[in-house]
Amino acid sequence: MSRLGKIARRTFLIGSAAVAGGVVFGVYAARTPHPNPLAETLADGEASFNPWIKIDGEKITLITPHSDVGQGVRHMQAMLIAEEMDLDPGQFTTDFGAPDPAYWNRAFSEEGAPFMSRDESRGAETARTVVGYAVKMFGIQATGGSTAVADSFDKLREAGAVARETLKLAASQRTGVPVAELTTASAAVRLPDGSEIAYTELAADAATLDPVTDVTLREPADWRLIGKPQQRLDIVGKSTGTATYGIDLKMDGMVHASVRFNPRQGGPLNGYDASAAEAMRGVQRILPVTNGVAVIADNTWRTFQALDAIDYDWGPAPYPPEQDAHWEVLANSFTDNRLDSEWRHEGDVPAALAGAETIAAEYRAPYVAHAPLEPLNALILVTENRVDIWAGHQIPRTVEDMVAGITGHDVKNVHFHNQYAGGSFGHRLEFENIRYAAEIGAQMVGTPVKLTFRREEDFAHDFPRQIAMARGAGVVTGGKIGTCDLSICSPSPIASQMPRANFPAPPGPDMQIVAGAWNMPYKIDNLRVRAYRAPELAPVSSWRSVGASHAGFFAESFVDELIHAAGQDPLEARLAMCDYDIARNVLEAVAEMSNWGTDPGENRGRGVAFVSSFGTPTAEVVEVTAGEDGIRIDKVFVAADVGTVVDPVNFENHVQGAVVWGLGHAMNCEITYSDGMAEQSNYDLHPAMRLYQCPEIAVRALENQSKIRGIGEPPVPPAASALANAIFAATGQRLREMPFNKFVDFV
Amino acid sequence: MQLTVNGTTHEVDVEDDMPLLWVLRDELGITGVKYGCGIAQCGACTVIVDGYAERSCQIAAADVDGPVTTIEGLGTPQTLHAVQEAWIEHQVAQCGYCQSGQIMNAAAFLAETPDPADDEIDDAMSGNLCRCGTYPRIRAAVKSAATKLKRA
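Taken in sequence, the protein lines are chains A and B.
Those letters in the first sequence? Residues 1 to 747, per the working numbering, in order.
Those letters in the second sequence? Residues 1001 to 1152, per the working numbering, in order.
The following block holds chain A by itself, in its conformation from the complex:
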């Protein structure tokens, strides 16, 4: 099939919206920048050259619109501006800024078109451009998909350079010294005689100038900040208890709220009896909310106590109440009418499988919760003319739309104030705290209300990672893999999630069902990867690394099985099949780091896995010891190629955290449903990894890619399969279902 034919067949969610957008608005509109939202906020003498920088006579403010859920992007965004603007840490303040279409995420186009990220052909790049137009037109400001660095890297350096050059022009006009003879350092323009004029002194002059947009970015060799270890701007606050999260906010006259709504997600509340709760100490109001009840009191704990004292009559769940039925739906969905995509088919798989001696295996990945440590919360103040809402959230403009839809205010009078979040992992792409805060606020006009979810409520409404199942069939010929056929089935996380975010239910296949599997960088004579879309079951959501968290596990485990069946070395065989140099380099790196090929010792084993997700090829080797009391994970070696590393310390911290995330949940966690409710309600039943189980994790960054990529999610998917492959190497036991602690003990 021709490339064009493939594109047409691969109608895709944002892709199709993009085409419509291009027709309606035209290419000119698509290329015109959004107006600078800071312009209308400027006081006399205050300058703003673009949506990210504001200077007055006193201070420099950098707007860092990506949400910081722990990944350090507030710092990263500021450093990119500071690099070109010649600011030092301490010379500026940062602000998340008000939600605005000017902060549209240009990196969403990278994974929004149905091409492998390695594909930089003209067709692929054109499709990405078109998707980018749509993201821009709709002004989609969102943090997710490991895009923050990719979105910001050029854009914010350019913003800094524009500010620098405009301030130089202002200095030139004031002093008569030609711009070419001026330099900048430490928030000041430096004259040839060595004297300096602070940027803040030039703000009023610069405010009268058109920004100088013809700028040259610095060469990497000249970078002062990028690529160097940095002290995160938030690190002192987060080490002294002085950092403020949404849950910590206070206002004069503020009351506390909590909610209890049907733990059968989306099920109705048939009735309730709150008479006992009404009489409890500190309880001020008991309010009806969608499918549930809210309590207003003078202390968070009193809201929890009162909610416990209410009798609820919950209606049934709109999905099968028992877990077994969910698996049954998946098992029955590998059917032609549920084929979602077949984006990879090389050779002739059906012919190669016919009559051959095949190796077959079935895999499962369970529902898993995000459960960031800061429970969902929001502070809201609704008045007659205006709404203010404070919370940590990854899709700020939708927060404002959603609140406006609930309170009835015009959206321009709804103001969202983003906050540092105590983790997310995808949870803060959802809106339960926002919706319920708005419903409560609308009934408490004039009173600031802080809504805090009890941990158990947070778990009950987590919108977990999708369950998934895979069936693999393969043939080994001539001492290598001749045929690999992988079919993966799950409900579509995107189809479940998008409508809750007020985005249209997308048409076309969901790449997430096979993310990290369909793009495996292996040349195999007969290779096919198919996605089957199961009907929607329990509502699910993006969970750190999304589809690759299951599909990467399936693909790299099944490939490993076939390699072993062929009698090959798992790492050598992957290298032999690898047809992508960037991937080869990361595999070679972990081979070297782990001394692959040497004897690991008695009862020990090494496993390797490679997954490319969000454009970042990542390889991991896990080393385990199988002892009498169980499996101990000794060491993990990780190599990933992101093109350019902005901060090596934060990079290492992130990779280590992602490995802990991937391993801990693969070992120890699942969400199961019974009577329509998640059976795991707190960390005792969903513990992930604790420190005693944490291995040494050695990290190497590679910078061979032409594009810059993110690192928040890509190290997650290889971890589970590298662990399962290591356990196989040590024990001969093949783990095909997470969590692994159902089958082996860990120490």
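Treat the hints loosely; a few may be bogus.
Unchecked claim - Cβ-to-Cβ under 8 Å is the rule here; a few derived chain A residues that face chain B: (1) G482; (2) N653; (3) Y683.
For the record, the hints were derived by calculation from the structure and aren't laboratory data.
Quick reminder that beta carbons are idealized off the backbone N, C-alpha and C, glycines included.
Using the hints provided, position chain B relative to the given structure of chain A.
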């Protein structure tokens, strides 16, 4: 009842069974101490009571029998405690939400165990959950802090 927190004595009027966590956060406005799970599984609410690390979500207000130290009382950005210095040097925090509890737990542990072995660190710190997975850096920071405290 009276509570002494970070050297200041407060008169509070709460139920005997209100957990110390909620007295600190909602009655006294001390928010460095965090709510994470409410059932002593995560350690985000760890404070030091009379020298011992305690989960403040599990101590009833009426049962607090000694002075309480929260992260704000351990050290400040201007006058850091050795454990906080180590946490900053190792750039431990990602989201940071658990780190108040981690730091308080580490401070109490090192006061009792100035020269900890690796497995003692693992045992002492495994009750504190970090969803971001900063454990390798927590281990390193505890060791650095131990060295700093011995020098001090």
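Tested hints:
1. G482: violated (39 Å)
2. N653: It holds, given that the least Cβ distance between N653/A and chain B is near 6 Å, below 8 Å.
3. Y683: holds (4 Å)
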